[in-house]
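Q: Spelled out from the first residue to the last, the chains are:
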Amino acid sequence: MSLKKFQDKDIIQNTMRAFPRVKFFIFDSVVYYNDEPALSGATAYYAKNVPPGHISLYEYNIDRILHHGIAAEPGNTSDPAKSIYPFITKQSQGAKFSTVSATSYSTDFVYGDVMTGSYPLSASISRIYWTEAGKRDNLYDEEKGTTLTNQGPPVNPKYYALRNRLNFYGTLSEHYNITASTIPTGYDSSGNLTYRVGWNKDSQAINLISIPSIFYGTTISPGSVSLKWFFTGSLIGELQDVKQNGELIQVYPVGSANSGSVAGVVMYNEGFVLLTGSWEMGDPAQNIGIVAGTTDKPRWIYFGAGAQDGIGVSSEGATYLSASFDMSFRGRTDTQVITMFTHAHKGKVNISNNPTYVKHGQPILRTTSSVVYEENPNRLIANVVSSSYHNHDADFKRQVYISRVAIYDKNKKLIGIATLANPILKNEEDDYSFKLKLDI
Amino acid sequence: MPNQFQPFNLNQDIVTTKTLLHEAIPLTGTIYKFATGSYIDENIKNFSHGQFQAVYDYPYLSSSANHIFDITMGYDESSPFSSSTSVQNAKKINMYNMMAQTLLGYTSVGNIHQFEPDLSNKSNLRPMTEAIFINLSRLMTKDQIKKGTFSLTVATGSWLDAYTAGQTITITDASASDNGGTMSTLGGDMGLLYAPNGPLASLIQEQDGIAGGVVGNIFYQAGVIVLSASVFQYSPSSSYANKADSKELFSDQVGDLGCNQKSIQGCFTGSAISASMNAFRHRVCNIAFNNTTEINSNIYFCRVPWNRYNYSTNPTYVNNAKVRVKNIASDPPISYITTVGMYNASGELLATAKLSEPLRKDPTNELTLRVRLDY
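Quick mapping for you: the protein sequence lines, in order, are chains H and E.
According to the working numbering, the first sequence is numbered sequentially starting from 2.
According to the working numbering, the second sequence is numbered sequentially starting from 106.
Treat the hints as calculated values from the structure; they're not laboratory data.
None of these values were measured; they are calculated from a predicted model.
Quick reminder that beta carbons are idealized off the backbone N, C-alpha and C, glycines included.
Incorrect hints may have been included.
Said to hold, decoys possible - To give an idea of the interface, some chain E residues facing chain H are shown, with a C-beta separation under 10 Å as derived from the structure: (1) Q117; (2) L125; (3) Y163; (4) M245; (5) A393; (6) K431; (7) A434; (8) D436; (9) R477; (10) L478; (11) D479.
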C-alpha cells in the first residue's frame, strides 16, 4: 500500500472558540439550568439521577437504581450491580480516585484491593452568604490565659482564598479591591462636595455565588452577565457587566436611585460572583423571608437565595416564594482543532485492496508448494460501472469507491481513520480533496 | 521564570507507567427488555434500512440518551436458513459476511472466515453459520472489555413467562483472562462464550459436537458479541432425556414482534431483523461486564536538593529591598514551593504542576516532588 505524505499546507491547527449560553433560574430552593424542567424517572426519582440544575458528568446511570452490588467484587453474580460505577485496583503506580485520601490509600488498602467510585458525578451553582466576610475566630493565648478577640483563624476560609485574587483584579476595576478609601468625586448641583464612599470587604456582608467551570469552560465571557431579581414574578432589579470589566452595575429600574451603582463583581476566570449591594429594591420594598431565620427587604446580597444554601420555605416561610432569580451569561470554550487536507489526485488512488475489487470466483493462487507461493497474475478486476440500459453491461472503466481515509504516523503506524458518510466514486480522471477535522 | 533549572536524570527521574481504570457495566433488562422495559421501546431505534436495531438507555430523542448497543442477526450463505423465500435474506447474509470479514477476515483460499466455536479457527466442528450480533458501543466498552468478566443472562422459559424465577441461564466468557484463553484475530482478542454446565451445554454438545457448551464468540477490543443461534434451539433428538422437564432448557419459542411464538428458525427465515431483535431482547435479562481504560502516564521525579530553591522570585518575597523572611543577614532563607515548572531543552515552559498546599523549603530539607502526567 502506498502512502501519501502531508505537505506543508495540508495541515492547519487553529482554535475554535464557542460561547455557550448559560442560564440559571432559582425558585423555591430549586435551580433550573437552561430552562430544563425536573425530569422524573420511571425507575429513579430524577431521570438523570441528579437534581435539576445539576450537570451529570458522562450522564451515566440515566434513570437507574444506584446499586453497586458487592462493590469490592465487580462482576459478582450473587449480588449483581444495577448501575455503572468505576473501580481501580491498587497497584504500584499509585493511581487512585481523588476521593481516596493519601492516608486512606496507604492504610485502608493493600495491593490488589479494589477502590470503587460512583456515578453520577454532578455539579451545580451554589450560594454562600457571609454577614461579615472577613470575620476571624477568637484566639486563646494559653501562656497568658487571655482571649485575643478576632485574631484566630478565618471563619470564612473561602473568602480568604479569594482575597488575593480580588486584589489582583484591582487593575481591572477598583471594585475588586478589598479596601478602598472614601474619595471626593466632585460637586453636585447645589455646590456640595460629593464622595465615593470607601469600603472594606472584610467587614461587609457578601453574597458569593460559585459557578463550576463545567458550565462555562475557559472563562465567563465579559459583557454577557445578567442577574435579575424578581419579586412575585415582577422584575425589580437587574445587574449587568456592561463595562466588561467585572463590575456588576444596576441597569434596571432605569433612572432609579441606585441605577448605575455597582452591586458586585464577577471573577470571570474563576467563576465567582460576589455581591455586596445592600440597598433595598422594590416599589415599595417589602419584607420577605430570605435571610436565614429572619426577614428583610429584597437586596442584592440575597440574590440567589435557595441555591444549595439551605434557604427555603420550610425555614423562611411562605413569603420566600415571592422571590425568584435569573442569572445568565455566556461561557467560552476553546477547542484546539487540527484540519488535514488529504488529496486523491487524478490517476492516483485508483485501486482497492478490498477482496471484492476483483471478480468473484477467480483462483487466488497460480502455484503453491513448500517452496513456491505464486498468486494468480491474471485475475480480473470486477466491472462495477453502472449501465444506463437494462440487461446491458457498461464498458469497463477503472474506478474505486473511497470509503475511508487512514492516517499514519512517520513510523507508518495507523493512528486514525476518517470514515465518509457515503462512499465517493472516483474515476481515474477525478481529483478529490478530503478535509479531515479533529478536535483535540 | 526560574533563574536556575534542576535537570532531570533521564535514567531515573522519568518513569512511564500504565494504569488500568475499570468500570462495572450492568445493562439490565429493565432498560431494553421488549415492551416491558422502562420506556416501552421509546429507547429502541429502528432504521428504514432495517439492518440493525439501536438500543439506548433512555428515549433516544432525548439528548440525555446514551447509545448502549446495536443488535442484529445474520447467517452465512451456506446456512439452511439461506433461501430466496427468507425475509431480508440478502441483508442477513450481508450482515453475517460483514461481521465475519471485519472480525475474522479471510481464509487462505479467499473465503470469508466463518465464526467458529474454538480458539484455533481450524476446527472441524460445525461453524456458527447463524448468529445474533451485539455491538456494544464504545461509550460502554471504552478501550476494551475486561477479559473474563462478561456475562449474558437469558430467559429460558416460554414466551409468556420467560422470566419465571429459576428459568434463566448465564452465558459467560469464563475461560478468558488477561493471561490466556483468547486468540488474536483481525478484530482483536477473541474469547469464547460458554453456557453453564447443564442441559444447555449437553444440548450443544449433542447437537453441534462442541464439548463444554461453547455458544458464541466475544471480541474484547471491538466490543462485539456473537451468539450462536443454536442456543435457542430444542434438541431434535429424542435421546436427550428429560428435556421437557428441565427448567434450564431453552425454549424454542423465541417469538417475534407480535408474540407469535415463532421458533428461532422462524425468526431467522420468517421475520425481519427488527422483529427478531425485539424477540431476542425479550429474552435478555442482563448483560454485565467490566470495561477497561488504559491510562498512560509519565511520572517525573522532581528533585529539590538542600542547597537550591531556598529563595523565591515572587515579588512579595522582598520588602523594602530586604528578604522578608530574614530578620538578620545570617538567618537561613525560607521559601514555600507552590508550583513546579517543567521546561524543555530549549528552556521553554511546557507545563506547570500545582501543589495542593505550599511546601516549606529551607537549607535543612530536601524534597522529591512526584509529578504525574496522564494522557
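Q: Confirm or reject each hint.
A: Evaluated hints:
1. Q117: violated, 16 Å
2. L125: Holds, because the Cβ-Cβ distance from L125/E to chain H comes to roughly 7 Å (cut-off 10 Å).
3. Y163: holds, 5 Å
4. M245: Because about 8 Å separates M245/E from the closest Cβ in chain H, which is inside the 10 Å limit, the hint holds.
5. A393: Hint on A393/E: holds, closest Cβ of chain H at ~6 Å, below 10 Å.
6. K431: Given a least distance of 23 Å, the restraint on K431/E is violated.
7. A434: violated, 29 Å
8. D436: Status violated, d = 24 Å.
9. R477: holds, 8 Å
10. L478: Constraint on L478/E not satisfied, violated at 13 Å.
11. D479: Holds. Min distance 9 Å.
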